[in-house]
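Asks: For reference, the chains in residue letters:
2 protein chains.
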Amino acid sequence: MIKVNVMYPYSEGARFDHAYYRDRHMPMVKARLGSACAYYTIEKGLTGRAPDAPPAFVAICAFVCESVEGYQSALQEHGAEILADIANYTDIAPVIQISEVVVERSDR
Amino acid sequence: MIKVNVMYPYSEGARFDHAYYRDRHMPMVKARLGSACAYYTIEKGLTGRAPDAPPAFVAICAFVCESVEGYQSALQEHGAEILADIANYTDIAPVIQISEVVVERSDR
Numbered sequence: 001m002i003k004v005n006v007m008y009p010y011s012e013g014a015r016f017d018h019a020y021y022r023d024r025h026m027p028m029v030k031a032r033l034g035s036a037c038a039y040y041t042i043e044k045g046l047t048g049r050a051p052d053a054p055p056a057f058v059a060i061c062a063f064v065c066e067s068v069e070g071y072q073s074a075l076q077e078h079g080a081e082i083l084a085d086i087a088n089y090t091d092i093a094p095v096i097q098i099s100e101v102v103v104e105r106s107d108r
Numbered sequence: 001m002i003k004v005n006v007m008y009p010y011s012e013g014a015r016f017d018h019a020y021y022r023d024r025h026m027p028m029v030k031a032r033l034g035s036a037c038a039y040y041t042i043e044k045g046l047t048g049r050a051p052d053a054p055p056a057f058v059a060i061c062a063f064v065c066e067s068v069e070g071y072q073s074a075l076q077e078h079g080a081e082i083l084a085d086i087a088n089y090t091d092i093a094p095v096i097q098i099s100e101v102v103v104e105r106s107d108r
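Residue numbers (our numbering), protein chains in the order written: chain A, 1 to 108; chain B, 1 to 108.
It is possible that part of the hints are untrue.
One copy or two, it doesn't matter: identical chains are merged, so the pair holds either way.
Okay, derived cross-link-like pairs now, DMTMM-like style, lysine to aspartate or glutamate, Cα gap no bigger than 25 Å in a straight line [said to hold, decoys possible]:
(1) K44 with E100
(2) K44 with E77
(3) K44 with E69
(4) K30 with E12
(5) K30 with E104
(6) K44 with E81
For the record, the hints were derived by calculation from the structure and aren't laboratory data.
Please read all numbers here as calculations on a predicted model, not as lab measurements.
So here's chain A without its partners, still in its complex pose (with noise of 0.2 Å):
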């Protein structure tokens, strides 16, 4: 099982809409993903590790997925769709990586 993180840098003045992203955009995008994407998981960022410092990220969410090849055909097909949809809440270039998930869930 992998995990594909995409996580938006802070960064002051730097706009990001999080009602949309959770409203719209990570539903449509999991809708296109379909059956390649388990389900996914958002965060927004509050804080650094001292409480009056800004976090590294504003929000970060992650796509779980059975393989980086299921991910990345269907992320293809719609690839444009969810490109031109992230000018919709934000002007941050987010930085995207793949994990292997060791563990999913400490608790199961």
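Since the structure of chain A is already known, use the hints to place chain B on it.
Replies: Just chain B now, with coordinates in the frame of chain A:
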């Protein structure tokens, strides 16, 4: 619900013992956090956006907790033991951030 992300930046030649992290360090930290942490997740970075690019982070873990206060008070009590164990698996200084969980898991 909040998530404490601990992210170890990739750097060439840096040391990270994924087996120790999964089998020893993370279960120990969870035991010390007790009920302040509901569960944790672990992932191992594979690649960046391009399949031949290194990942931004070689490992990412997250502690899912009821509150920042609960996490921090449990951490204060056991912080020295936890910090002392880090040298056993890595020489990388992690990036830490606290996030609000917006969508814990889209299929639930």
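Asks: At most 25 Å between CA atoms: does that hold for K30 and E12 within a copy, between copies, both, or neither?
Replies: For K30 and E12, neither the intra-copy (29 Å) nor the inter-copy (34 Å) Cα distance is at most 25 Å.
Asks: Up to 25 Å between alpha-carbons, please classify K44 paired with E77: within, between, both or neither.
Replies: neither (28 Å within a copy, 27 Å between copies)
Asks: At most 25 Å between CA atoms: does that hold for K44 and E81 within a copy, between copies, both, or neither?
Replies: Classified as within; 24 Å inside a copy, 29 Å across copies.
Asks: Indicate which option fits the pair K44, E69 if close means a Cα-Cα distance not exceeding 25 Å: within, between, both or neither.
Replies: Between. Shortest inter-copy distance 18 Å satisfies the 25 Å Cα cut-off; intra-copy 28 Å does not.
Asks: Pop the pair K44 and E100 into one bin, within, between, both or neither, using alpha-carbon distances up to 25 Å.
Replies: both (22 Å within a copy, 5 Å between copies)
Asks: Using 25 Å as the alpha-carbon threshold, which applies to K30 and E104: within, between, both, or neither?
Replies: both (19 Å within a copy, 15 Å between copies)
Of the hints listed earlier, those the structure fails to meet are numbers 2, 4, in rising order.
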